[in-house]
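Undergrad: Residue-level listing of the chains:
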Amino acid sequence: MAEVVTRDFVSATQAAVKDTQLRQALRRAGTGFDGTRREAIHEVTPEVWEEWREQARRIKEHTIGHLDYYLEMLERNVTAAGGRVHFAADAGQANAIVAQIARDNGVRTVTKSKSMVSEELGLNHVLEAQGIDVFETDLGEYIIQLANETPSHLVAPALHKTRRQVAQLFADQLGVPYSEDIEEMARIARVVLRQKFLDADMGISGANFLVAETGSLVIITNEGNGRLCTSAPRVHVGLAGMEKVIPSLQDLAVFLRLLPRSATGQRITSYMSMVTGPRRPDDEDGPEEFHLVIVDNGRSRLLADPALRESLYCIRCGACLNVCPVYQRVGGHAYGWVYPGPIGSIVTPGLVGLGQAKDLPNASTLCGACRDACPVQINIPRMLLHLRHVAAEGQGSYQGTGSDTESLFARGFAAVMSSPRLLNLGRKMGRWLLAPLANRGVLGQTRLPVVSRWTRARDLPIPPPRSFAEIWRDELSNSGSDSKRA
Amino acid sequence: MSQPRTIRASLFTTCIVDQLYPEVGVSVVRVLRRAGVEVDYPEGQTCCGQPLYNSGFTGEARKLAERTLNLLDDRAFVVVPSGSCGAMMRVFYLDLFADDPELQARARDLSQRVYEFTEFLVDVVGYEPATGDQPERGCRVAYHPSCHLLREMEVTGAPQRLLDAAPGIERVDLPDAEQCCGFGGTFAIKYPHISEEMLADKVAAATGSGADTLTACDMGCLMHIGGAVSRQKLPLRVRHIAQLLDGESG
Numbered sequence: 013m014a015e016v017v018t019r020d021f022v023s024a025t026q027a028a029v030k031d032t033q034l035r036q037a038l039r040r041a042g043t044g045f046d047g048t049r050r051e052a053i054h055e056v057t058p059e060v061w062e063e064w065r066e067q068a069r070r071i072k073e074h075t076i077g078h079l080d081y082y083l084e085m086l087e088r089n090v091t092a093a094g095g096r097v098h099f100a101a102d103a104g105q106a107n108a109i110v111a112q113i114a115r116d117n118g119v120r121t122v123t124k125s126k127s128m129v130s131e132e133l134g135l136n137h138v139l140e141a142q143g144i145d146v147f148e149t150d151l152g153e154y155i156i157q158l159a160n161e162t163p164s165h166l167v168a169p170a171l172h173k174t175r176r177q178v179a180q181l182f183a184d185q186l187g188v189p190y191s192e193d194i195e196e197m198a199r200i201a202r203v204v205l206r207q208k209f210l211d212a213d214m215g216i217s218g219a220n221f222l223v224a225e226t227g228s229l230v231i232i233t234n235e236g237n238g239r240l241c242t243s244a245p246r247v248h249v250g251l252a253g254m255e256k257v258i259p260s261l262q263d264l265a266v267f268l269r270l271l272p273r274s275a276t277g278q279r280i281t282s283y284m285s286m287v288t289g290p291r292r293p294d295d296e297d298g299p300e301e302f303h304l305v306i307v308d309n310g311r312s313r314l315l316a317d318p319a320l321r322e323s324l325y326c327i328r329c330g331a332c333l334n335v336c337p338v339y340q341r342v343g344g345h346a347y348g349w350v351y352p353g354p355i356g357s358i359v360t361p362g363l364v365g366l367g368q369a370k371d372l373p374n375a376s377t378l379c380g381a382c383r384d385a386c387p388v389q390i391n392i393p394r395m396l397l398h399l400r401h402v403a404a405e406g407q408g409s410y411q412g413t414g415s416d417t418e419s420l421f422a423r424g425f426a427a428v429m430s431s432p433r434l435l436n437l438g439r440k441m442g443r444w445l446l447a448p449l450a451n452r453g454v455l456g457q458t459r460l461p462v463v464s465r466w467t468r469a470r471d472l473p474i475p476p477p478r479s480f481a482e483i484w485r486d487e488l489s490n491s492g493s494d495s496k497r498a
Numbered sequence: 006m007s008q009p010r011t012i013r014a015s016l017f018t019t020c021i022v023d024q025l026y027p028e029v030g031v032s033v034v035r036v037l038r039r040a041g042v043e044v045d046y047p048e049g050q051t052c053c054g055q056p057l058y059n060s061g062f063t064g065e066a067r068k069l070a071e072r073t074l075n076l077l078d079d080r081a082f083v084v085v086p087s088g089s090c091g092a093m094m095r096v097f098y099l100d101l102f103a104d105d106p107e108l109q110a111r112a113r114d115l116s117q118r119v120y121e122f123t124e125f126l127v128d129v130v131g132y133e134p135a136t137g138d139q140p141e142r143g144c145r146v147a148y149h150p151s152c153h154l155l156r157e158m159e160v161t162g163a164p165q166r167l168l169d170a171a172p173g174i175e176r177v178d179l180p181d182a183e184q185c186c187g188f189g190g191t192f193a194i195k196y197p198h199i200s201e202e203m204l205a206d207k208v209a210a211a212t213g214s215g216a217d218t219l220t221a222c223d224m225g226c227l228m229h230i231g232g233a234v235s236r237q238k239l240p241l242r243v244r245h246i247a248q249l250l251d252g253e254s255g
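Here the protein sequences come in this chain order: A and B. Heads up, the first sequence is in our numbering, so the first residue is 13 and it goes up one at a time. Heads up, the second sequence is in our numbering, so the first residue is 6 and it goes up one at a time.
For the record, the hints were derived by calculation from the structure and aren't laboratory data. Any given hint could turn out to be false.
Dumping the calculated DSS-like pairs for lysine-lysine here, alpha-carbon to alpha-carbon at most 27 Å [said to hold, decoys possible]:
1) A:K440 <-> B:K68
2) B:K195 <-> B:K238
3) B:K68 <-> A:K30
4) B:K195 <-> A:K440
5) B:K195 <-> A:K30
6) B:K68 <-> B:K195
Reference excerpt, derived from the structure (chain A facing chain B, CB under 8 Å, subset only) [to be verified]:
7) R69
8) V342
9) H345
10) A403
11) S430
12) A481
13) S489
14) N490
Each residue gets a CB set at the ideal place from its N, CA and C atoms; glycine is no exception.
Can you build the whole structure from these sequences, using the hints too?
TA: Dropping the structure here:
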C-alpha cells in the first residue's frame, strides 16, 4: 500500500503555505475548475442540477445499501462476457493478484490509464520490483511519474507543478530540448507514449463506474489514453474500489451528466469507454484477457459504519477540493496519502485508521463549501464532526486518538459554562490578568500559551467590565420600546 | 382595523457577545424594540455548546445543550445574533440528541422557533429600517456572509436586504464573499498558519472592496477578521450588523 505520511500534516502544511509557486498553481486550477463548474450548473439551471444530484444520491444510497447483491450481479455478468473477477481484501492481495496475472502472461511492459486505486495500492512499485516497465499514460500522471511524485489532486494529478517545472523535467528525464510551450510538451509526451502503447503486453485502467447489469467497466478520459490502454495490449486489468458499482446503464446516464461538469465544467467528456469482457471472435481488436480486480482495502469498515458510509458515494470528481479553502492553500501532498481535500479527510482516516490521520478531520473550518459542491450531496462536514467525536471520546472502531490536554480543556469549559456565576468570575479574572498587558484596549502579541496562537496575527479583545447579562439587569430589562441609553 | 399583534422574542445573546461584546447585545435589543418586538432575556444563559460539539466532545456539549433547551423550552421565538450558534441550535442539536427521543423532540421544537437576528427581522417581523430609525449614516459597507449562517441556516438574503433598506448605508460588493474567513473556532488556534492565510485573503478582499466598514452576523468571524484589522491598523471598521442598524456604533 502507498506510504501514509499524514502524521506530518502540520509541518507539511506549514511548508506548503509558504510555497508561492504552489499557491499560484492551486489558485489558477481551483478557480478555473470551480468557475467552469458553476457556469455548467448555471447553464442547466440550478433546479435541474439539484434534481440530478438527488437522483445520483438515491442511486448511490440504494447501491451501497445493497452492495453485496450488485457485486454478485456484476461478477456474474463480467464472467458471462468472458472476463474474470477477482476480489481483493487488501492492498497486498490486490497487488499480488495483478502481479500474478502479469507473470502468467509473461508481461514485460505495462501501460496504465489513470487509477487512484492503483495509487492507493502502490501497485507500480510492486510491478517494477518484478522487472516490469510501467508507464503512466495520462499526461498528468506521466509527469508525476517522471518526477517520482504522487498525485496532488483527484482529477489533475500534476496540478502542483508549474509549466516551467514540467519543461525542466522533460528536458532532464527525456533528453529533449527545453521548451515551455504546452503544445510542444504534449507532443513530446505523445511521441514517447505512442511507442509504449504499441509495446505494452498489459494495460491497466481504473474505473469510473462498474455497471452490474451488463458487467461493464466505464472510464472517462480527456486524452483517449484510456481507450488505448484497454484495447491495444493483450491483457487488460481493470482496478476498482468496490463502491464503484452501479446497477444499470440507465443509472449511468445521470453520472455522465454530473461527473464532467463537477470535475472540469465540461458538458461531456472527450472519451467515454465501456469495456465489457475481452475481445470477441468477431471483434477487430481488443485484449485476449480481461480481469477485473475489485478492491476492499478498508472500504468494508466504511460500509459498516452508518456515520461514514456515505463517503463511499464519492465519484472522485474533485469538486470539493476546488472549493475547499484549506485544500486551496496547502495542496494535495500535505494530506499525506492518496486522497486529499475534504473527501480525503474522511476516506484517509477511514481506510488507514484515525490514529495515523487525526489532523485531517480537525483541519477544517466546517464551512460547508464541499457539501454544497458535491454532486452526490455527501455531507462531509457532518462526517468530519463524527470523526472528531470518535477521536475525542473514543468510541467505535477508530478510537482513542484525542489528547488529554484537550479533553481537560473541554471539561473545564463545560464546567464554567454550566454556571453563569463561574463564567462571570472567569471574565473578571481574564480582565484582571490581561488588562495590564493591553494596548489600546486589545491584547497584542504575547507569549501566553495557547493565546499566542491567536495573537500571532490577530489582536484579542480584553473582556469588558460588565457582561451583557449585567447590562440587561441594570439598564435594559425595564426600559421602553425605544431605549437610547445603554 | 385590528391592531397588529405584538411579537415577543427571547434573546439568546451567545456567550461571545455576553462576555466580550456586550455592546452588540445592546444594539440587538434596541433594533428589535425599534422594530416593535417585545424582548425578554432568559436569565442564566451561557453557551449553546457549539465549541465542544465542533471539537468532538459530544458528551460535554450535551450538558450545555440540555441546559439551553431548559432555558428556552417555552419561548415563542428565540433570536440569536449569530449564524453559527443559531445553526447549532437549529441543525446540530438534532444530531446531538439523535439517540434520545425525548430531548430530540424538544430540540426539534426549538429548531422551529429559533431565528438568526436578521432572519427574524425580515421573515418574522417584516421590518424595514426607515428614515426615523437612525441607522449608521454615510458608510460604505461590505457584508461577509458567515459560513454557518449561509450554508447551515441558509440565510441568504436577509442581512443584505436590511443593509440595502437602511437609509445612509451604501452596500458594496465583497469579492469572493462566500469564502470562509478562516476562523472555524478552534481551527484558528490549532492550525493558525492555514487560518491566517484565509484571513489575509478576506482582509484583502474587504480593504480592496472600497468599503469603510465590514459587517457580518457573527462575532466569532468578526473577532477574527477584526483582530487582524486591528493588528495591521487598517482603515476599516468591523461591526456586527446590529450595530450598523442601531446606528450608535461610533
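Undergrad: Now look at each hint and say whether the structure bears it out.
TA: The hints, checked one at a time:
1. A:K440 <-> B:K68: holds, 24 Å
2. B:K195 <-> B:K238: holds, 25 Å
3. B:K68 <-> A:K30: violated, 41 Å
4. B:K195 <-> A:K440: holds, 26 Å
5. B:K195 <-> A:K30: holds, 18 Å
6. B:K68 <-> B:K195: Measuring from Cα to Cα gives roughly 24 Å; hence the hint holds.
7. R69: violated, 17 Å
8. V342: At 6 Å from the nearest chain B Cβ, A:V342 passes the 8 Å test, so the hint holds.
9. H345: violated, 15 Å
10. A403: It holds, given that the least Cβ distance between A:A403 and chain B is near 6 Å, below 8 Å.
11. S430: Hint holds; A:S430 Cβ to chain B Cβ min 6 Å, cut 8 Å.
12. A481: holds, 6 Å
13. S489: Holds, about 7 Å.
14. N490: violated, 11 Å
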